[in-house]
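**Student:** Working from the sequences, and respecting the hints, build out all of it.
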Amino acid sequence: MGTLASTATPAIADRAALRDFYEDYAACLDAEDFAAFPDFFTDDTLYQVISRENHDAGLRHAPIYCSSRAMIVDRLMALKEAALYQPRSLRHFISGVRITGEEGAELHAQANFLIVESLLEQDPQVLMVGRYLDRIVRTTEGLRFAERSCVYDNYRIRTTLVIPV
Amino acid sequence: MNDTIEAQPQERKWPAEGVSRVPAWIYSDPEIYARELEVFHYGKVWNYVGLDCEVPEPNTFRRSWIGERPVIITRDADGEIHVVENRCAHRGSLLCWQNSGKAKDLTCPYHHWSYSLKGDLMGLPFLRGVQGKGGMPRDFDKTKNSLTKLRVAVRGGSIWATYSDETPPLEDYLGEEILTRLDRLVSRRPLRLVGYSRQVVDSNWKLYWENSRDPYHATLMHPFLSTFGILRTDGDYHSVPLQEGRHEYTYSQYDPELRNRTSEASAQIKSIKTTLQIQDTDVVNSVVDEFNDGMMGAFQVFPTILVQQYFNCLVVRHIIPKGVGKHELVWTYFGYADDDEQVSELRLKQSNLVGPAGFVSLEDSEVLSLMQPVVEGSPHALQVLEMGGHGTEAQSTMMTETLIRAFYDFYRREMGL
Chain A
0 MGTLASTATP
10 AIADRAALRD
20 FYEDYAACLD
30 AEDFAAFPDF
40 FTDDTLYQVI
50 SRENHDAGLR
60 HAPIYCSSRA
70 MIVDRLMALK
80 EAALYQPRSL
90 RHFISGVRIT
100 GEEGAELHAQ
110 ANFLIVESLL
120 EQDPQVLMVG
130 RYLDRIVRTT
140 EGLRFAERSC
150 VYDNYRIRTT
160 LVIPV
Chain B
0 MNDTIEAQPQ
10 ERKWPAEGVS
20 RVPAWIYSDP
30 EIYARELEVF
40 HYGKVWNYVG
50 LDCEVPEPNT
60 FRRSWIGERP
70 VIITRDADGE
80 IHVVENRCAH
90 RGSLLCWQNS
100 GKAKDLTCPY
110 HHWSYSLKGD
120 LMGLPFLRGV
130 QGKGGMPRDF
140 DKTKNSLTKL
150 RVAVRGGSIW
160 ATYSDETPPL
170 EDYLGEEILT
180 RLDRLVSRRP
190 LRLVGYSRQV
200 VDSNWKLYWE
210 NSRDPYHATL
220 MHPFLSTFGI
230 LRTDGDYHSV
240 PLQEGRHEYT
250 YSQYDPELRN
260 RTSEASAQIK
270 SIKTTLQIQD
280 TDVVNSVVDE
290 FNDGMMGAFQ
300 VFPTILVQQY
310 FNCLVVRHII
320 PKGVGKHELV
330 WTYFGYADDD
340 EQVSELRLKQ
350 SNLVGPAGFV
360 SLEDSEVLSL
370 MQPVVEGSPH
380 ALQVLEMGGH
390 GTEAQSTMMT
400 ETLIRAFYDF
410 YRREMGL
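These protein sequence lines map, in sequence, to chains A and B.
No gaps in the numbering here: position 120 of the first sequence is 119 in numbering that gives the first Met the number 0, and each next residue is one more.
No gaps in the numbering here: position 92 of the second sequence is 91 in numbering that gives the first Met the number 0, and each next residue is one more.
Since the hints were derived computationally from the structure, they do not count as laboratory data.
Some hints here could point you the wrong way.
If you want the footprint, here are the derived chain B segments under chain A, 3+ residues with CB under 8 angstroms [claimed, not checked]:
id, stretch
1, 304-312
2, 331-345
3, 349-360
Partner residues aside, some chain B positions facing chain A, computed with beta carbon under 7 angstroms [claimed, not checked]:
id, residue
4, 140
5, 222
6, 226
7, 275
Just so you know, even glycine gets a beta-carbon here, dropped at the ideal spot from N, CA and C.
**Tutor:** As C-alpha cells, then:
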C-alpha cells in the first residue's frame with residue numbers, strides 16, 4: 000500500500016502540515032466563523048458538496064455548488080443575512096488524511112469527514128459522513144483549496160444542509 | 000380540547016367553518032394517513048415516477064416510489080417504458096437492490112425468480128424439484144405470477160403510473176393548463192439528467208404540499224427572494240387552482256427592475272435588506288431566457304410533484320410519504336441534451352437556490368420539521384386560512400391562501416371528510 004506520503008516528501012506540504020490545514024478548516028466551521036471561511040480557498044476555486052450517488056454516476060448537480068471564492072462569500076452572506084434556520088452546534092471529525100498525488104504545483108489529497116449536529120431539544124445526530132477530495136496549492140499566504148469536493152455518503156440529507164461541509 | 004372527542008378518534012368531523020379551517024389531526028392520524036394512500040396514491044390518480052432520461056437506453060432501470068411502495072421504472076429492449084412494483088411475486092422480498100443500472104432481466108436475490116423488464120415471470124430455479132422430489136405443482140402458472148404491473152403514461156420526458164384502470168387518460172387527468180406548463184419544460188427538447196438531491200423531512204407530507212401552495216409565506220420566510228428581487232409581494236403574481244383544487248399553478252413575470260423599487264408592500268417586510276450585494280449575479284438573474292417568455296412559475300400535479308423553475312434551474316420535487324410524520328423529497332434537476340456549457344453552468348449555479356441547501360427552500364424543511372410535533376400535540380386545534388377571503392377561486396396576488404383552501408375543498412370530497 001505504498002502511498003506518496005510514505006515514499007517521498009511532497010514539495011507543497013507534508014502530511015502533518017496538511018493535517019493542520021484540515022484541522023484549522025474544521026475549527027473554523029465548528030465556530031461558524033463565516034468571515035474566515037473563504038480564506039481557505041483560491042479565487043477560482045471549485046467548492047461543492049455533492050452526493051456520492053451523483054459523484055459516482057458522473058452527474059454534476061451538487062446541493063452546494065460554488066465555482067469561485069466569490070460564490071462562497073455570497074453563500075455565507077445569504078446564510079447570515081437572508082436565511083432562517085434553527086440554532087445548531089456542529090462538530091467536524093476528520094480522519095484518514097492522505098496525500099494521493101502531486102501534479103505540478105498542486106497537491107491531491109483526501110480525508111474522511113463526520114459531522115455531528117446538535118439541535119435544541121434533540122439528541123446529537125450524524126448530519127453527514129463522507130470524503131473530502133481536494134486539490135491544494137501553496138500561496139504566499141499559505142495552503143489554499145483549488146478544489147474541495149465534499150462527497151457525502153448519506154443517501155439523503157436530514158432536514159436541511161445549512162452550514163458548509 | 001375535549002376528552003370525549005379524544006376517546007373516539009374514528010369520528011373525524013371537519014370543522015363547520017369549512018375550508019377556511021383545517022383540523023390538525025389530518026397531519027397525525029394514522030388512519031387518515033392510511034386512507035390517503037389508498038384513495039390517492041394507490042387509487043385513481045397518475046403518480047409521477049421519473050423522467051425518461053433516468054432510463055436513457057434500452058435495458059436500463061431505475062428505482063422510484065409510489066406512496067410507500069417501491070417501484071422500478073424499466074426501459075425494455077424495444078425502448079418501451081414499464082413501471083412494476085419492486086416486490087418479488089414469490090415472497091414479497093425487495094427484488095432490485097441497485098438504485099439504477101443496466102439489465103436484460105430482473106432476478107430476485109432471495110430465490111432467483113427471474114422477470115423480464117416488462118414484469119413477466121420468466122423462470123424460477125427447481126421448477127420441477129430435484130431428483131423427482133419437490134418442485135412446483137404441475138398446475139403452477141407462471142403467467143399468473145408476474146410482478147405487479149402498473150398502467151404507464153409518458154408525456155414528453157415525464158413518466159407516470161397508476162394502479163387503477165379507472166384513472167382517466169393522463170391528458171385528461173392533467174388538463175390543458177398543466178399540460179401547457181409541463182410540455183414547456185419536458186416535451187420540447189430531449190432531457191438530460193443533471194442530478195439528484197434527496198432530503199428527508201420529519202413532517203406529514205401535506206404540510207409540504209400546502210407549503211408550495213402558500214405564496215403568503217414566500218417573501219416573508221424566504222427573505223432571499225425579496226432581497227435579491229426574484230419575487231416580491233408587489234410584483235406580478237397569479238395563484239390559480241385547477242380541477243376544483245386537485246392541481247394548481249402559480250406564475251410571475253420576472254422583472255429585473257423589481258429590486259430597485261421600494262413600495263408600501265416592500266416596506267412591510269422587515270426582512271428585506273436592500274443594501275446587500277451578491278458578487279456572482281448569475282445566481283439571481285435571468286441570464287439566458289431559454290423559453291423566450293420571461294416566465295417563472297411552479298405547478299403541482301396531485302399527489303406527487305411540484306415543478307418549479309427559477310431562471311435556468313429546472314427541477315421536479317417528488318414528494319414521497321414515509322409514514323404519517325415523515326416525507327422524502329427527491330429533487331431531480333434536469334436540463335436538455337443539447338445544453339451548451341454556459342447554460343449547463345447556469346443550471347448548476349442556480350440550483351443553489353432550491354434544494355436541501357437552497358437559498359429559497361432551506362427554511363421550508365426547517366419550519367415543517369419544527370411544526371410537526373406541535374400539530375401532533377394539539378390534534379383538535381384548528382388552522383386559520385382566511386388570507387384572500389374564504390373562497391377557492393384564482394387570485395392575482397401573493398397575499399392569499401386560496402390555493403390551500405382549494406386543495407382542502409378537493410381533499411374533503413375525495414376523503415369523505
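**Student:** Run the structure past the numbered hints and jot down the numbers of the failing ones, going up.
**Tutor:** Of the numbered hints, 1 and 4 do not hold.
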